[in-house]
Structures are given as structure tokens and as C-alpha cells.
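Undergrad: Given next are the chains, with one letter for each unit.
Protein chains: 2
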Amino acid sequence: MSFYKGEEIFLGKQLLGELYACNHEALNSPEAMKEIMEKAALAANATIVQSVFHHFSPYGVSGVVVIQESHFAVHTWPEHQFVSVDFYTCGETAFPEKAMQYLIEVLSAAEYDLKEVKRGELNKIEKFITEE
Amino acid sequence: MSFYKGEEIFLGKQLLGELYACNHEALNSPEAMKEIMEKAALAANATIVQSVFHHFSPYGVSGVVVIQESHFAVHTWPEHQFVSVDFYTCGETAFPEKAMQYLIEVLSAAEYDLKEVKRGELNKIEKFITEE
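Heads up: the sequence lines are chains A and B, in that order. Residues 0 to 131 (numbering that gives the first Met the number 0) are what the first sequence spells out, left to right. Residues 0 to 131 (numbering that gives the first Met the number 0) are what the second sequence spells out, left to right.
Among the hints, erroneous ones may be present.
In silico lysine to aspartate or glutamate, DMTMM-like type, Cα no more than 25 Å apart, as pairs [to be verified]:
hint	chain 1	residue 1	chain 2	residue 2
1	B	K33	A	E37
2	B	K117	A	E104
3	A	K114	A	E78
4	A	K114	B	E7
One-sided and incomplete, this derived list gives chain B residues near chain A with beta-carbon spacing under 7 Å [as the list claims (entries may be wrong)]:
hint	residue
5	I8
6	V51
7	H54
8	S83
9	A109
10	L113
11	R118
By construction, these hints were calculated from the structure, which means they are not laboratory data. Where a beta carbon is used, it is the ideal one built from N, C-alpha and C, also for glycine.
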């Protein structure tokens with residue numbers, strides 16, 4: 000349940016995405032965004048545990064898919080054609096890049112910024128473990 | 000529903016925390032972590048919409064508090080005394096720093112790494128908006 004990057008071992012990986020010019024009606028529909036994010040989870044080979052999606056007044060959706068491997072979260076601003084998304088996975092069996100690729104394609108994002116953050120550096124974690 | 004940093008305006012702010020040496024029994028209890036994360040949301044002056052927390056086999060909890068202002072997510076590894084947390088807020092009324100401070104104190108994290116990520120740069124969003 001960990002992966003290597005150079006000499007370091009991390010428990011998880013998080014992809015942050017800012018998707019621009021998403022001129023797509025799903026951005027104002029919690030049902031549609033839930034379906035898209037669950038399909039993104041499947042594209043990433045993740046196992047869905049539970050999804051919660053809400054509509055916000057007057058515009059926008061917030062939603063999270065809790066997966067066996069961590070979580071996927073999304074927030075939409077239809078009035079800005081903007082989507083902010085996090086794909087956080089642990090272990091070696093799920094691939095957040097594939098979820099991101101799926102989302103960008105489905106929402107026809109014309110532009111996007113991606114950032115990758117490694118989570119849980121195992122050497123550092125072990126250095127600080129205290130006695131029970 | 001936005002805030003300034005220098006000349007730039009962002010829709011949201013995300014605090015990523017890696018908390019080490021959390022020798023605390025709550026790390027293996029979804030009920031306890033839910034209570035702690037909801038109190039963190041209140042400490043941040045956020046409005047709770049819905050919480051989902053799950054226990055993972057053999058150890059660990061994953062949970063998300065969807066808030067009016069975006070979401071708070073947490074993953075725990077009790078066997079590593081490690082907690083990975085995201086506090087994502089939008090607008091000017093919620094303060095993720097206060098949630099982080101609360102969590103660090105309650106879990107008695109001996110060490111932590113924090114990272115702040117600005118989300119949704121409004122000038123960039125508007126540059127890419129397409130015609131309906």
C-alpha cells in the first residue's frame with residue numbers, strides 16, 4: 000500500500016486539477032456530477048465506498064466520492080465554467096491520472112492546470128512514531 | 000465569495016496537513032474522527048452539510064465533511080500514527096487554519112507539515128470563459 004518516487008516511499012498521491020471553460024450543463028446538476036465522478040473513479044480503477052453530492056444555491060455542486068483508496072472531491076462554479084477537483088489515492092492499484100483524463104474529456108475542459116502532491120512520506124512518518 | 004492575495008483573486012484556499020506521531024485512539028474510530036472533524040469545521044466557522052466516515056480493514060478511517068464552503072477530508076493510518084488531512088474552503092467567512100490548529104491540538108500531533116494551495120484564480124477563469 001505504498002509507492003516509490005526516487006528513494007522515497009509515500010503512502011498516497013493527490014492530483015489537484017483546475018479545469019477551465021467547462022461549458023457543460025452537468026456543472027449545475029448534482030446527479031450528473033455524481034455519475035461523472037463515479038465513472039472517473041472506475042476509470043482510475045478505484046473501488047467506490049460512498050458518494051455524497053449537493054447542489055448549492057444559486058449555482059454549483061459540491062461532491063465527494065469516498066473510495067477504498069482515499070477520496071475524490073469536486074466543486075463546480077457553472078457561472079464561471081470552472082471545476083476544481085482533487086483525486087487522492089493510496090496504494091498501487093488506483094491511478095488518479097486516469098480519473099483526471101476522463102474528467103477533462105467528459106467536461107470538454109479547454110484549459111486546465113494540474114498539480115501533483117505526494118502524501119505520507121513513510122521514512123518521515125516512521126521517524127516520529129512514539130512508543131505505545 | 001472570493002479573497003485576495005496580492006493582486007490575484009482566488010475562489011478558494013486549501014490547507015493540506017500531514018500530522019505525525021498522533022498516538023491517539025480516535026485514529027481507528029470513524030465515530031471519534033467524525034466528531035473531531037465536525038468540531039474542526041465549527042472551529043473554522045464552516046457550515047456542515049453532510050459527513051461520511053468509514054472504517055477500513057484492518058486499520059484506519061477515511062472521512063469527509065461536506066461544508067457549505069467546500070469540504071474537509073481526512074485519512075488516518077493508526078499503525079503509523081499518521082493523519083493526512085485537507086481543509087478546503089471558499090469565500091471569506093471560513094478559516095481552514097483554525098480547523099488545522101484544532102486538529103493538531105486534539106490529536107496531539109508532535110510534528111506536522113502544512114501546505115497551502117490557492118484554488119480558482121478568478122482572472123484566469125474569466126480569461127477562458129466561452130460564449131454560451
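Undergrad: Now tell me, hint by hint, if it's right for this structure.
TA: These are the hints, each one checked on the structure:
Proposed proximity of B:K33 and A:E37 is supported: the alpha carbons are some 23 Å apart, at most 25 Å. Of the pairs offered as hints, the one joining B:K117 and A:E104 holds, with about 24 Å between alpha carbons and a cut-off of 25 Å not exceeded. This hinted pair checks out: A:K114 and A:E78 have alpha carbons roughly 24 Å apart, not beyond 25 Å. A C-alpha spacing of about 19 Å is found between A:K114 and B:E7, which places the hinted pair at or below 25 Å, so the restraint holds.
At a threshold of 7 Å, the smallest CB-CB gap from B:I8 to chain A is about 12 Å, leaving the interface hint violated. Satisfaction of the interface hint for B:V51 is found here, the shortest Cβ-Cβ separation to chain A being roughly 5 Å, below the 7 Å cut-off. Given the 7 Å rule on beta carbons, the hint for B:H54 is violated: about 10 Å separates it from the nearest Cβ of chain A. For B:S83, the interface hint holds, the least distance from its beta-carbon to any beta-carbon of chain A being 5 Å, beneath 7 Å.
A hinted interface residue such as B:A109 counts as satisfied when its beta carbon comes closer than 7 Å to some beta carbon of chain A; here the least separation is about 6 Å, so the hint holds. Using the Cβ-Cβ criterion of 7 Å, the hint placing B:L113 at the interface with chain A is not satisfied: the shortest such distance is roughly 12 Å. Hint on B:R118 holds. Least Cβ distance to chain A is approximately 5 Å, under the 7 Å limit.
In this structure, the hints that do not hold are numbers 5, 7 and 10, in rising order.
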